[in-house]
Amino acid sequence: MIPSIPQPKFYKGLYSSYIALFFVYLSAPLIVVGVFAFNDSLFPSMPWEGGTLAWFFGNEDPYVGIFNDTKLLESVGVSAFVAFWVTILSVTVGTCNAFLFERSKFPGKNLLYIISLSPLVIPGVILGISILVFSNAIANGIEDSIGWDLEFLRPGLFLVIIGQFAFITTITTLVISARLRKFDVSLEEAALNLGATRRAALWTITIPFLKPALIGAGIVAFLMSFENFNTTLMLVGSDAPLTIAMFDRLKQGSTPVLNALSLLLMVVSGGLALLSVFVQRDTKN
Amino acid sequence: MSKTASITGGSAFRFGLLLLAMPLLLWLFLLVILPHMDLFLVSMRERISYGKYEFSLINYIEFFAEPLYWNTYVRTAVMSIFATILTLVIGFPVSYYIAKVMRGKGKNALFLMCLIPFWVSELVRTFGWMILLRESGVISNFLQWAGIADGPVEMLYNDAAIMVGLVYTSMLFMVVPLVSVLDSLDDSLIEAGYDLGGNAFTVTRDIVIPHAMPGIASGCIVVFMLTLGNYLTPNLLGGKDSLWFTEQIYTQFITRFNWESGSAFGFLLLILSSAIVWIGLKLSKQTLSETVG
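Just so you know, the protein sequences line up as chains A and B, in that order. Going by my numbering, the first sequence opens with residue 15, and the numbers climb by one from there. Going by my numbering, the second sequence opens with residue 1208, and the numbers climb by one from there.
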């Protein structure tokens, strides 16, 4: 059970092979996605037809590689645009929330805290439809009363950003709060005693201390936005972010260009994940 | 409070607090509270003619009158509970191994290996399972090569495939809380259990599992909730017969443009999800802040 307690070799072996099997299960889907990006066949399936880089660089129909697939590339751009705004908004609001919850006392704080956690337990599809219904009601109300058609309140990128922001802010709030909780307020007080203004104390002492959490929260927010599907599905208009575009292709059956794209996504998000782990790890020392 | 107040002081402090609270209030009211109240109101009305609505319970009555709807509802709930249990049973030994058997660098590396797949989009992971399980896929070919199967085997588009995908997608949310709670279990307690004549089974039952209960609860709650609200995995791995409740919501909203009935469905799913989360918290004597915070 633990190394200090002797166990029969047989059980130890059995346990280790279970763990090995688990990691095969964990890695198998990712490995096949990556490997089939190099298969010289029109479908991402067996048999193996020999290696090719056409699904990355190809430019002859039907061998259109990811770098020449304008539709998919456009959707990557759309996703990056959405993720950029979601990151900015959710980290900003998350920082405000962290200061509010960690540094101040006011009536109803606990209730507000519980409500601000609730987006985590609301299924993404429902969050999506509730924002869809509400923004549509506002848009209709404005159109009926003063005759303005507010296009941005109809399904489209603005609503996608708002919808993702609604639940990602909970996560950034939690990450930044956790770091702020560890901050020694006497450092800030020392700065104030030494003649710093409140603003200077905040920018030279507190914010640099929070930086790892801000970066970590930003990376998490960006990735969660980039990969979000459920909420986006209900709010999307004519510009499809990547997950929606890939989903449509998958349903139709696609060439291995999707594998090539997935492989690139894996490399980028794996790299960002490691980066965020290391940024956050430094904070522990 | 006194510290913060002393820095700014008096009415300026009140104003500053309000300013700091503005983003939070806007976020919660405009994007969480009001939309869900509106969702509820829309679910309680019936469309009489263009732009005219009346209060009615017809959407909920329709749900209970049509067997397809509530069958899908119950099926989604049961499958989600099953997926949660399966995730726990598969993930627990792995978490224990990482937390208690491994030591030093290897432990961190193994834990990181557990996490990395989940930074990859769920879509990519599901795509991977499609390549593995489909008729012309890797496993089917392997079985033919090994002589176990005579012809191509279709493993996609059934409940087992959905289950494999759901468990896979949920694993992270089970392993992380379990590893952290098992990490805090003192080895000497396990040793004491053995010294007192316990064996692997009794020590696990009487020491390890009771200690891990908070982690088990939070893992199960998060996994259940995510599974219930999943759309991608049942849809892609289960095909046309996946009958997941989120697909019904999507159909009502996007395909049939029946927002009233879609809102009712959404609200019913929200009630189911909240109820199970609440029961889970009560049973394990936890609060929401402890579980997700």
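It is worth saying that the hints were derived from the structure and are not from the lab. Note that CB positions come from ideal geometry on N, CA and C, so glycine has one too. Some hints could be false.
To be verified - Output of the computed footprint for chain B on chain A, the stretches with three or more beta carbons under 8 angstroms from beta carbons of chain B: (1) 26-35; (2) 81-90; (3) 128-136; (4) 264-276; (5) 281-291.
(Q) Tell me whether the statement that chain B covers the region 264-276 of chain A is true, taking a Cβ distance below 8 angstroms and needing three residues at minimum. (A) Holds: 5 residues of the region 264-276 of chain A have a Cβ under 8 angstroms from chain B.
Q.
Tell me whether the statement that chain B covers the region 128-136 of chain A is true, taking a Cβ distance below 8 angstroms and needing three residues at minimum.
A. Our answer is that it holds, as 9 residues pass the Cβ test (under 8 angstroms) against chain B, meeting three.
Q) Are there at least three residues in the region 26-35 of chain A whose beta carbon sits under 8 angstroms from a beta carbon of chain B? A) holds (count 3)
Q) Taking 8 angstroms as the C-beta cutoff, is the stated coverage of the region 281-291 of chain A by chain B satisfied by three or more residues? A) Answer holds; 6 residues pass the 8 angstroms Cβ test.
Q) Are there three or more residues in the region 81-90 of chain A whose C-beta lies within less than 8 angstroms of some C-beta in chain B? A) violated (count 0)
Figure legend: structure checked against the earlier numbered hints; the only hint not met is number 2.
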